[in-house]
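Residue numbers (the numbering used here), protein chains in the order written: chain A, 1 to 134; chain B, 1 to 134; chain C, 1 to 134; chain D, 1 to 134; chain E, 1 to 134; chain F, 1 to 134.
These are computed hints drawn from the structure, not numbers from a lab. Mixed in with the good hints, there may be bad ones.
With the C-beta cut set under 10 Å, the calculated list includes, among others, these residues of chain F facing chain C [claimed, not checked]:
hint	residue
1	Thr20
2	Asp125
3	Phe128
As the structure is a prediction and not an experimental result, all values here were calculated from the model. Each residue gets a CB set at the ideal place from its N, CA and C atoms; glycine is no exception.
Residues per chain, in single letters:
There are 6 protein chains.
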Amino acid sequence: MSQIHVTRRYRFCAAHRLHTDQLSPEENWTAFGKCNNPNGHGHNYVVLVTVTSGVGQDACNLDRLDQVVCEKIVERFDHQDLNGDPALTALTTTGENIVKLIWEILKPELSQGRLHKVGVIETRDNYFEYAGAN
Amino acid sequence: MSQIHVTRRYRFCAAHRLHTDQLSPEENWTAFGKCNNPNGHGHNYVVLVTVTSGVGQDACNLDRLDQVVCEKIVERFDHQDLNGDPALTALTTTGENIVKLIWEILKPELSQGRLHKVGVIETRDNYFEYAGAN
Amino acid sequence: MSQIHVTRRYRFCAAHRLHTDQLSPEENWTAFGKCNNPNGHGHNYVVLVTVTSGVGQDACNLDRLDQVVCEKIVERFDHQDLNGDPALTALTTTGENIVKLIWEILKPELSQGRLHKVGVIETRDNYFEYAGAN
Amino acid sequence: MSQIHVTRRYRFCAAHRLHTDQLSPEENWTAFGKCNNPNGHGHNYVVLVTVTSGVGQDACNLDRLDQVVCEKIVERFDHQDLNGDPALTALTTTGENIVKLIWEILKPELSQGRLHKVGVIETRDNYFEYAGAN
Amino acid sequence: MSQIHVTRRYRFCAAHRLHTDQLSPEENWTAFGKCNNPNGHGHNYVVLVTVTSGVGQDACNLDRLDQVVCEKIVERFDHQDLNGDPALTALTTTGENIVKLIWEILKPELSQGRLHKVGVIETRDNYFEYAGAN
Amino acid sequence: MSQIHVTRRYRFCAAHRLHTDQLSPEENWTAFGKCNNPNGHGHNYVVLVTVTSGVGQDACNLDRLDQVVCEKIVERFDHQDLNGDPALTALTTTGENIVKLIWEILKPELSQGRLHKVGVIETRDNYFEYAGAN
Chain A
1 MSQIHVTRRY RFCAAHRLHT DQLSPEENWT AFGKCNNPNG HGHNYVVLVT VTSGVGQDAC
61 NLDRLDQVVC EKIVERFDHQ DLNGDPALTA LTTTGENIVK LIWEILKPEL SQGRLHKVGV
121 IETRDNYFEY AGAN
Chain B
1 MSQIHVTRRY RFCAAHRLHT DQLSPEENWT AFGKCNNPNG HGHNYVVLVT VTSGVGQDAC
61 NLDRLDQVVC EKIVERFDHQ DLNGDPALTA LTTTGENIVK LIWEILKPEL SQGRLHKVGV
121 IETRDNYFEY AGAN
Chain C
1 MSQIHVTRRY RFCAAHRLHT DQLSPEENWT AFGKCNNPNG HGHNYVVLVT VTSGVGQDAC
61 NLDRLDQVVC EKIVERFDHQ DLNGDPALTA LTTTGENIVK LIWEILKPEL SQGRLHKVGV
121 IETRDNYFEY AGAN
Chain D
1 MSQIHVTRRY RFCAAHRLHT DQLSPEENWT AFGKCNNPNG HGHNYVVLVT VTSGVGQDAC
61 NLDRLDQVVC EKIVERFDHQ DLNGDPALTA LTTTGENIVK LIWEILKPEL SQGRLHKVGV
121 IETRDNYFEY AGAN
Chain E
1 MSQIHVTRRY RFCAAHRLHT DQLSPEENWT AFGKCNNPNG HGHNYVVLVT VTSGVGQDAC
61 NLDRLDQVVC EKIVERFDHQ DLNGDPALTA LTTTGENIVK LIWEILKPEL SQGRLHKVGV
121 IETRDNYFEY AGAN
Chain F
1 MSQIHVTRRY RFCAAHRLHT DQLSPEENWT AFGKCNNPNG HGHNYVVLVT VTSGVGQDAC
61 NLDRLDQVVC EKIVERFDHQ DLNGDPALTA LTTTGENIVK LIWEILKPEL SQGRLHKVGV
121 IETRDNYFEY AGAN
């Protein structure tokens with residue numbers, strides 16, 4: 001079946017540091033380079049949330065989507081240190097883990113099958129995308 | 001089979017107003033908020049047309065594509081009020097309806113299977129995409 | 001004296017039509033072309049407000065700036081037909097008139113000498129800038 | 001199975017000319033227009049390389065990807081005339097042929113199944129994308 | 001006196017090569033690096049033309065500006081090799097020489113004092129700007 | 001005298017926190033809001049360095065400029081916490097202070113009068129610019 005998709009853009013600014021306790025300091029440096037610098041650095045993250053939509057009654061309610069994403073994603077991560085987030089403390093704060101976490105947070109908040117994919121732009125040259133099971 | 005896709009970018013500037021005669025004034029306001037303001041507002045719409053292409057004889061003729069899109073889409077919608085378009089008078093001029101209409105206009109103008117998807121950027125933060133049956 | 005300048009970006013979506021009652025319909029068409037189409041069209045306007053700033057006590061209060069621009073500019077023009085704005089009814093809604101009007105609205109709202117220049121992006125290829133007397 | 005994809009952006013500046021020895025000068029002009037001008041022209045090409053990634057051990061090594069793309073693509077094409085490239089001398093240097101060539105160069109350099117798709121932005125309004133067999 | 005400025009964006013795609021006959025091949029390489037590669041490379045050039053404008057009768061006629069820039073700049077340089085341009089054969093085709101040449105071509109075509117500045121974007125990271133005597 | 005200016009774009013990703021020891025915690029929060037969050041946040045900073053240039057012998061050596069900016073600015077701030085920088089520990093890491101610091105670092109590294117202005121993009125909507133005494 002043909003579907004219409006709508007993508008909405010959101011943003012948050014956050015600090016992070018690539019580091020895992022499972023590696024020694026030297027191994028962390030080898031794995032992550034300058035992204036492992038002790039005091040962290042940061043990014044202007046862009047989050048692209050794509051939902052299925054339709055015409056008339058099947059259109060996605062974008063006000064509701066904005067409310068969910070702002071409350072669950074933007075307010076949680078904006079102007080924070082991602083390494084301190086409860087869901088990420090045991091994980092390295094790579095783009096892969098961040099985009100997957102955002103999918104997992106948003107999915108139960110939206111109607112069944114509504115969430116189509118999530119994208120995260122970390123820097124001008126780095127983009128992460130994830131579409132989990134529906 | 002692997003395929004090459006080419007996306008061409010087009011633009012039109014248009015006025016519109018989200019409104020449906022099936023709802024009362026109050027219901028229209030509840031549904032569409034400021035997008036329902038009586039005198040309308042407008043956007044710099046970007047249209048992204050993606051076609052299947054190939055190498056050599058199978059390449060899509062982009063001059064022909066430009067001619068079709070300019071004649072059927074840009075000339076029709078540019079510097080117009082979308083609510084006055086014959087195909088949209090009975091519909092709300094949402095991004096969903098606009099992207100679907102553009103697909104339906106372009107599909108019969110191109111060779112069988114050539115049209116792959118259509119995207120419409122309405123504002124910096126709003127993107128609509130549609131791929132109908134082929 | 002060397003000065004630091006800060007530029008903040010704002011947006012509004014609005015309809016407009018280039019037209020003046022001082023010209024006949026034919027003259028309006030000659031002067032403004034498709035921008036004179038009777039039902040109007042619209043744009044995603046970007047407004048760039050540049051203020052002088054400094055370090056420490058001399059820094060511009062950006063929260064205050066945001067409040068002023070949102071209240072006086074964005075709320076006034078967003079999702080409206082510019083031709084219906086009281087300050088523009090007697091004027092053609094060209095980029096020149098819009099950027100000058102925004103300067104004149106903002107200037108008395110900010111401290112003496114704070115406003116440095118105002119820019120308006122009307123379309124991808126059209127940018128207007130004005131710096132009035134201080 | 002759900003997968004995470006990472007897209008990295010690379011660039012090269014190159015000259016090219018659309019021309020094929022299989023056509024007469026007149027036919028070349030008919031087919032390619034000003035892109036057939038004898039001394040060539042050029043572009044700031046952007047290359048978007050999308051790979052499958054994962055979390056933890058399944059993450060794609062982006063340093064390795066950068067090394068491969070810089071060595072095999074950027075160093076080969078940057079500040080060159082594409083028509084003189086050995087793989088393109090017998091081909092017209094269309095976006096279709098370039099994006100397909102980049103896929104074919106990168107595929108054997110990466111682990112089985114790692115390369116997901118390749119995109120090439122030729123101009124602001126022209127984008128080519130290819131995902132070959134894996 | 002306060003003035004309004006309008007900036008219009010134009011584009012051309014061209015090949016070029018940094019090289020001067022006044023230097024030996026080795027010196028050319030030392031001076032220009034890979035930009036001296038024998039067969040040239042190319043760019044998507046963006047040209048930003050800024051003119052003084054005003055309100056009412058003092059507004060700049062943008063149709064006339066478009067006509068001048070398209071005829072004198074875009075048609076001359078688009079899909080060409082800049083090193084073959086008569087005005088540049090004796091000069092190195094640096095951004096500095098190109099932006100200055102565009103100023104000198106446009107100035108006599110516009111009313112006295114109308115041309116305010118010219119900008120040239122050569123690559124994402126390189127921007128040249130010139131405002132000659134008026 | 002007319003001058004040509006060249007602007008080069010650089011980037012660094014860094015963490016920071018708006019905070020001054022001269023204010024109480026409550027006053028810091030009032031002054032800086034969420035930018036005062038204890039663990040800091042971060043940005044993808046863009047630095048635009050504009051130098052005077054000319055033609056022939058008067059052209060600015062961009063390789064030398066790149067070397068200076070990379071060594072003195074990018075290597076110093078990239079993937080760091082700005083609050084830990086020696087020149088900023090006694091200052092709040094506002095855009096104003098950062099753009100002024102970059103000017104002061106670069107000025108003595110370049111020939112007399114070469115540095116024209118420095119710009120810093122902190123977020124999509126925030127731009128700081130400074131031109132000190134020459």
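We went through each hint and held it up to the structure:
A cut of 10 Å between beta carbons decides the hint on Thr20/F: the least distance to chain C is about 9 Å, and the hint holds. Among the interface hints, the one on Asp125/F holds; its C-beta lies about 4 Å from the nearest C-beta in chain C, closer than the 10 Å criterion. With its C-beta approaching chain C no nearer than about 6 Å, Phe128/F sits inside the 10 Å limit, and its interface hint holds.
Hint compliance for this structure: no hint is broken.
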